[in-house]
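Chains Z and G supply the protein sequences, listed in that same order.
In terms of numbering that gives the first Met the number 0, the first sequence opens at residue 0 and continues consecutively.
In terms of numbering that gives the first Met the number 0, the second sequence opens at residue 0 and continues consecutively.
Keep in mind the hints are simulated off the structure, nothing from the lab.
Beta carbons are placed, not taken as given, at the ideal position from N, Cα and C, and that holds for glycine.
Some hints here could point you the wrong way.
[What the hints assert, rightly or not] A partial selection of chain Z residues facing chain G, derived with a Cβ cut-off under 8 angstroms:
1) Ser387
2) Glu388
3) Ile700
4) Asp703
[To be verified] A short list of chain Z residues far from chain G (calculated; beta carbon distances all over 10 angstroms):
5) Asp195
6) Arg211
7) Glu268
8) Gln586
9) Thr656
10) Glu680
11) Thr718
12) Ala720
13) Pro775
14) Glu776
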Amino acid sequence: MTDALIGQRVPKLDAPSKAAGKTIYGHDVRLPSMLHGRILYSRYAHAKIIRMDTSRAEKLRGVKCVLTPKDNPPHRFGYGKDNKPFKDIARSLRDEIAGVVATDADIAEEALSLIEVDYELLPNIFSPREALSEGALLIHPEHKSNLFQRYNYSHGDLAQGESESAVVVEEKFLLPYVSHVCMETSVVVAQFDHRDHLTLWSTTQIPFLLQRDLSEALGIPGSNVRIIQTAVGGAFGRGLDIYPYEPIAALMSRKTGQPVRVAFSREEEFLAGPARQPAEVTVRAGAKADGTLTFRDASCMLDIGAYVSWGTVTPLVMMETTASLYQVPHARFTADCVYTNNLITGAMRGYGNPQSTFFIETLMDRLAEALKMDPVNFRIMNANVPNSETPQGLVITSCGLKECLEAVAASADSARMNVYPERSRRNEGGRLVLSEVEGMTVTANIKPSPFNLQPPHIKRGIGFASTLNVGGGARIYRSDGCGATVKVDDFGHVTLVTGSTEIGQGSETALAQIVAQTLGVKIENITVLNSDTDIKPWDVGVHASRTTFIAGNAAYLAAVDARNQIFETAAQLLGVGVDQLSASAGQVTVRDEAGKSISLEQVARRRHFKEGGKVILGEGWYDPPTQLVDKDTYKGNISAAYGFGAQMAEVEVDIETGKVRVLRLACANDVGHAINPMAVEGQIEGGAQMGLGYALTEELIVKDGKVLNPDLLDYRLFTSADMPIIETRIIETDDPGGPFGAKGVGEMGGTPTAAAIANAIYDAVGVRMTQLPMTPERVLAALDEKEKRARV
Amino acid sequence: MNSFDHFTPATLTEALSILAERNGNASIIAGGTDLLLRVKNHIVKPAAVLNVKRVPELRALSFDSNEGLRVGALTTLRDLTRSPLIRDCYPVLASAAGLMASEQIRSLATLGGNLCNASPSADLAPPLIALDAVACLVSLSSERQIPLAEFFTGPGRSVLQKGELLKEIIVPPPQGKTAYLKHSPRAFMDIAIVGAAVRIQQQGGKCQQARIVLGAVAPTPLRVRSGEESLEGQTLTSEVIRQAAKISAESCSPISDVRSAAWYRKRMVEVLVRRGIEATL
């Protein structure tokens with residue numbers, strides 16, 4: 000098949016309607032007689048509700064009803080089965096204790112202030128260490144310990160690794176709370192119909208798991224729950240769990256008999272939404288004198304907050320980076336996930352990987368420095384290689400890590416010109432030739448660097464970091480599958496119904512390209528339906544950068560099935576064998592017989608409109624050949640393919656203010672094969688934006704369980720004005736298991752960014768930043784510390 | 000949002016009459032970029048909102064080489080960044096306004112709002128004070144002028160009396176060079192951790208008059224007279240400049256909050272004052 004649809008830069012199919020403001024998001028859903036619900040959160044981080052008087056709230060004009068813990072169904076829900084819609088014991092400041100339904104949201108809000116609550120205060124536990132100390136009050140007494148889970152992984156022999164090391168480095172890291180900050184805040188509309196069936200309009204990423212979760216939370220059969228996904232205004236992992244507001248909206252609808260909408264304010268989104276887990280990490284690593292890695296040992300303490308979510312599984316990914324990014328003969332990883340009275344935490348893009356890549360790649364830089372080796376060469380010599388298996392059991396098929404590093408090293412050559420002009424710049428007749436970089440000559444028409452004009456307080460540096468990410472699904476549920484159907488109608492129009500979800504990542508477009516390519520039709524002839532659990536086949540959800548690989552394979556299988564049906568009929572009509580046929584440009588043509596063809600729509604009609612006619616309906620189910628990790632050793636091949644990437648950051652540090660400006664971020668990613676290079680670039684650039692924020696500006700500042708900066712002024716996202724030049728390089732390795740060779744890329748864009756920037760800061764000013772974000776204040780404090788040490 | 004009375008006067012007299020009738024108990028709205036947020040967040044619950052956007056007397060923008068600049072309270076930040084008059088005669092005001100918020104907000108937010116809101120970090124206050132600006136306040140019965148340096152009395156508070164409006168700001172003809180430097184973690188769309196305005200007028204190689212005004216390090220914009228005095232009459236060597244910067248840092252006692260620790264703010268005062276003086280040379 001030589002049509003160029005695969006690999007073509009196809010603008011996202013959903014983009015025009017979004018750009019024109021015509022897309023229907025969750026916040027746009029309005030149903031007849033719809034009511035509005037608001038939630039009352041606890042005033043204290045840990046307290047028993049001993050009295051609640053809702054009578055004044057109920058009397059307010061426009062209020063339909065007030066819900067309290069008495070309205071809870073008897074079941075618990077959530078990943079750890081530790082949550083209820085309304086709490087009679089609040090375990091954090093975001094605990095829902097009551098809800099009001101009213102004819103508009105302002106009335107509901109006003110009614111919340113009329114609910115009288117008496118609390119009995121309980122001791123607060125805001126630090127995981129305190130939570131684990133002996134005799135600490137149990138946050139969930141039924142759980143018997145505040146330690147929800149301990150991950151304990153190892154391979155090889157750490158002592159042997161250490162004894163073989165010529166250099167050993169160790170560092171402590173502090174990682175902050177950060178928020179997804181989706182443009183669209185959390186929103187849900189719930190409606191019970193006359194059959195007592197629930198329909199939920201939702202921004203979830205896991206419609207089928209949510210169906211199950213809701214049926215458990217509400218005590219109704221899963222077959223009575225239908226999830227309709229609206230266009231999603233950002234998810235980034237936020238939609239990976241059930242949250243109390245969802246069953247609350249359902250309870251509100253059931254109690255009033257009317258549809259109820261619950262929509263978060265921006266402040267509520269920061270306070271009550273899930274955050275990325277803060278962590279304290281200690282890491283050691285070693286290498287031989289020749290640069291070969293010997294061992295890694297990381298131990299993490301994660302504050303998971305008052306309730307468990309799928310975010311508690313993120314150590315699995317942190318473990319993967321520790322054990323398998325580069326070739327590591329001996330490794331150990333431990334992580335404690337600890338209950339506290341802090342914010343709830345959840346899954347967020349990268350799922351532990353931005354955290355672990357920050358600490359692992361910082362240590363890689365320290366090792367290279369200790370060995371006096373070039374940081375890129377050191378990484379390349381230890382890089383993962385194709386067709387190998389890591390000691391952890393990851394089966395690496397395609398692998399372009401070395402190529403990614405080489406690509407960003409080439410970008411670094413032009414950056415070096417800015418950083419060390421005296422070393423690498425030579426002007427030859429207006430063209431700049433960079434000749435000092437070993438084995439490489441890069442020419443570029445670049446204006447002479449203004450480096451010499453830089454004031455002395457500005458220092459420049461460059462830094463590198465790599466990433467390893469699952470790229471062929473991730474089996475963290477018993478199935479990692481996805482179903483798809485492909486229908487061809489009698490106009491030759493093709494409808495793909497896929498279990499997977501479009502959350503802005505461009506999957507709709509990539510899947511349409513795969514189906515269009517397989518059936519030989521134009522992309523305009525494809526409609527993708529992916530938003531209704533009553534219509535679409537099962538899928539585990541959008542996570543782990545799995546959609547292109549998993550849903551892509553499912554769509555491909557369904558398209559092949561449909562094509563077989565088309566060929567079966569076409570072969571009869573044309574009087575040739577099925578194996579002589581091919582499909583392109585909306586036609587089924589006979590190979591080697593010019594002019595002998597029949598249009599797709601004609602085939603469809605001829606197949607339909609006859610006695611014993613048949614529908615052209617292909618189906619595909621793809622579940623990758625992977626394993627759940629062993630529950631004791633955590634070993635196993637969790638993904639059918641692995642994606643790789645590397646980044647180079649060029650920064651400027653103001654040594655008087657500590658302010659870091661990123662001038663350029665070069666990103667190279669091994670994506671197997673880019674189905675849609677434009678969408679791949681979009682994912683990498685978007686990921687980089689999140690990575691830059693994680694590195695430099697974003698932090699939910701939490702004190703005594705309370706968020707001190709729940710707004711977009713003091714929670715600082717990187718804006719377009721702050722963005723550096725992003726260079727993206729797509730490295731293609733054609734994975735044998737991926738659809739048309741593709742692997743996932745969704746999460747990788749921001750994973751190595753913080754590490755690359757931290758390493759660049761070190762290159763510029765000689766301080767190791769071990770706490771994120773690397774704010775001007777922290778950088779200046781580190782510079783002060785360095786100066787103090789130099790004076791001693 | 001609760002309901003409130005809304006007035007849209009067409010003249011200054013009408014506006015002041017309404018204000019007088021309400022005994023000053025009306026929230027003034029122009030751009031609305033501060034007030035609406037506070038209403039939405041239930042920080043204020045106004046009984047009445049007085050929309051002054053249609054009052055022509057608040058729209059002055061003129062320059063006279065003797066009298067200086069008259070700039071009306073309704074002048075938007077965008078006007079300040081774009082006006083050729085401002086850009087030519089008081090470039091520091093154009094650049095300070097350009098550092099604020101976003102293009103969208105700058106086209107709504109006004110000079111009067113930025114000053115009357117009296118945030119300690121208001122970006123227009125330090126450069127205007129450094130330029131010896133005067134605030135012109137009007138009420139139904141009187142009109143008075145006070146130096147802008149005396150306008151602010153605390154966070155969110157000013158000398159404005161009940162029934163009074165800020166009509167315009169008068170800025171004397173420019174003397175010497177003025178610079179405003181703002182330190183914030185992000186390049187744009189951010190609030191000042193520290194702001195520092197410096198005006199230096201030199202004659203015969205010596206500093207004749209100096210102004211150092213700081214933002215975001217005290218309850219009100221802070222004029223550092225001791226720092227100014229250390230410069231006046233001196234040849235501005237790097238040692239003299241460093242000394243003035245140091246004095247400025249020592250004379251303020253900023254708070255620690257989510258935006259910055261106090262020690263860091265003091266350090267930034269020192270850096271910004273030094274760089275500000277250097278920028279005027």
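Handout entry: Violated constraints from the hint list, given by number and in increasing order
Key = Result: hints 1, 2, 4, 9, 11, 12, 13, 14 break, sorted rising.
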